[in-house]
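Going down the list, the protein sequences come from chains A and B.
According to our numbering, the first sequence is numbered sequentially starting from 1.
According to our numbering, the second sequence is numbered sequentially starting from 321.
Among the hints, erroneous ones may be present.
[To be verified] Within a straight-line C-alpha distance of at most 25 angstroms, the following computed DSS-like cross-link-like pairs (lysine-lysine) qualify:
1. Lys230(A) - Lys573(B)
2. Lys573(B) - Lys27(A)
3. Lys230(A) - Lys310(A)
4. Lys310(A) - Lys27(A)
5. Lys250(A) - Lys310(A)
6. Lys61(A) - Lys27(A)
7. Lys252(A) - Lys294(A)
8. Lys99(A) - Lys61(A)
9. Lys99(A) - Lys147(A)
10. Lys230(A) - Lys250(A)
11. Lys230(A) - Lys294(A)
12. Lys230(A) - Lys270(A)
13. Lys147(A) - Lys573(B)
14. Lys61(A) - Lys408(B)
15. Lys408(B) - Lys99(A)
It is worth saying that the hints were derived from the structure and are not from the lab.
One letter stands for each residue in the lines below.
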Amino acid sequence: MTDSALTIANLRKVYTTESGAGFEALKGISLAVQPGDFFALLGPNGAGKSTTIGVICSLVKKTSGSVRIFGRDIDTDYSLAKQELGVVPQEFNFNQFEKVGDIIVNQAGYYGLPRRLARQRAEQYLRQLGLWDKRGEAARMLSGGMKRRLMIARALVHEPRLLILDEPTAGVDIELRRSMWEFLQQINAAGTTIILTTHYLEEAESLCRNIAIIDQGQIVENTSVRSLLKTLNRETFILDTREPVGQCPKVKGYETVVVDDHSLEVEVDKGQSLNELFEGLSAIDIHVVSMRNKANRLEELFVNLVNQHKAAAQQEQVGS
Amino acid sequence: MKLSSQWVAFTTILRKEIHRFMRIWMQTLLPPAITMSLYFVIFGSLIGSRIGTMDGFNYMEFVVPGLIMMSVITNSYSNVVSSFYGAKFQRSVEEILVSPTPNYVILLGYVCGGVARGMIVGLIVTCMSMFFTHLQIHSLPIVVCVVVFTSVLFSLAGFINAVYANSFDDISIVPTFVLTPLTYLGGVFYSISLLSDFWRGVSMLNPVLYMVNAFRYGILGISDIDVTWAFIGVALAVAILFSYSMHLLSSGKRLRS
Chain A
1 MTDSALTIAN LRKVYTTESG AGFEALKGIS LAVQPGDFFA LLGPNGAGKS
51 TTIGVICSLV KKTSGSVRIF GRDIDTDYSL AKQELGVVPQ EFNFNQFEKV
101 GDIIVNQAGY YGLPRRLARQ RAEQYLRQLG LWDKRGEAAR MLSGGMKRRL
151 MIARALVHEP RLLILDEPTA GVDIELRRSM WEFLQQINAA GTTIILTTHY
201 LEEAESLCRN IAIIDQGQIV ENTSVRSLLK TLNRETFILD TREPVGQCPK
251 VKGYETVVVD DHSLEVEVDK GQSLNELFEG LSAIDIHVVS MRNKANRLEE
301 LFVNLVNQHK AAAQQEQVGS
Chain B
321 MKLSSQWVAF TTILRKEIHR FMRIWMQTLL PPAITMSLYF VIFGSLIGSR
371 IGTMDGFNYM EFVVPGLIMM SVITNSYSNV VSSFYGAKFQ RSVEEILVSP
421 TPNYVILLGY VCGGVARGMI VGLIVTCMSM FFTHLQIHSL PIVVCVVVFT
471 SVLFSLAGFI NAVYANSFDD ISIVPTFVLT PLTYLGGVFY SISLLSDFWR
521 GVSMLNPVLY MVNAFRYGIL GISDIDVTWA FIGVALAVAI LFSYSMHLLS
571 SGKRLRS
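Bound conformation, chain A alone (with noise of 0.2 angstroms):
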């Protein structure tokens, strides 16, 4: 039976406070990710997604639990369990003066690749992600997306077998956010497995296989973002009209509410047809031109999730 790429079962993290109560950022929580996926780990901020990620590179001490990558052990066979893995953490953890080459081959150095195999790879993932110009540059002379890039060459230059990006796209424009998706999709592709921290919810749903849900230290949903965007119910549309909307018009069966003089925001079950919608309209006189989702598709079920699991914690708490 081939090892899961990670595999985390009851992870606990107990913060120690100031008042010495401990916060507990993670409560209990397991995982497995199958290798070759493309796998997304949501959940709002402070729900514990950084923390797990720390664990697994190990610059986070775990209170209780494990966490193996393929099969090995990060506490009792940490040597080859962090040669199968490469992390991109969410802030600049580089030496800001250092030169962007340098970075790379140090990096690699770390791993133990021989020096001229590592300036083999340096060169490879710099051109790969843009950067072979920038190479003799010093790292604080970089954008903030070309950073972002060099941290990904630097995680990817021993090769791991996973990779970890908390939060790569985060304040990187559009154009650049589409080509490292372009990257990410290729390296997965090749093989490596690859698991996701984001914000953006249009990333998790266009890049990702499986995804897990996280908020409050505990795993509240851990499935395959097909078969979660199959539970969702309801899709709320903004519609643009080619005539002014006027007063709130009503569609039998359909809640709708006015957002501007040619817009309207409608909501529309599962199963409805938009036919009908447009036909309601029509029938009062107001033409369709245009229409888009209000959010993302992930995000609403992720709101969702993360205000159910919520009330029900609130709900235990006043029960209790």
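Once you have looked at the hints, place chain B on chain A.
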């Protein structure tokens, strides 16, 4: 991690460290050369000529070993403390911490970087001293051993300081309030035979005194203390600080949350 890979990791850290202090040579190599030359001019030539001899040597000859040792101590310490704290501050230390590089290789890499700077500065100061006096070497093996042991010891101390430091102020407190007084009172400029019994006893508690005197013995063949005890003391201190540094790395104190 295989031994050959560990060697690559070690040389990577060492090369990076040497490259760092060479790149900023105006801040790392030039100041000790200038400061020590001023010491040679003022204490050796101007004032020293009026002091006369000390333990049978003219004052310039007497202070040169102490001044060389002083520069080795301060430079090996400040190299590791500033480099490792800088890596912590910029979080670039995470590059090594997430890698499979064993803790002892990380420690050796940084310590050898400190030793390299200590020895290069020591060599520069030695060369500068030759413009002012004729240096004889009583025992080359003792000279080399003392320099290596001392720079290892103070590199380790710098490493521990860097791990505990929370700000750039914290990395200047120890050199200013501990290292400098210990060095100045460590027999660099005088023989403790000139002191009263009480102050001689107090001076014997100063570890720097042993290193300065052991080094002076290697150069001039004279010492206020037994050189064997100096070696035993330094070796013991190295073992203790090395073990403590390893404990800090493996426990992740101030490095991993």
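(request) Just pull the numbers of the violated hints for me, sorted ascending. (result) Result: hints 1, 5, 8, 10 and 13 break, sorted rising.
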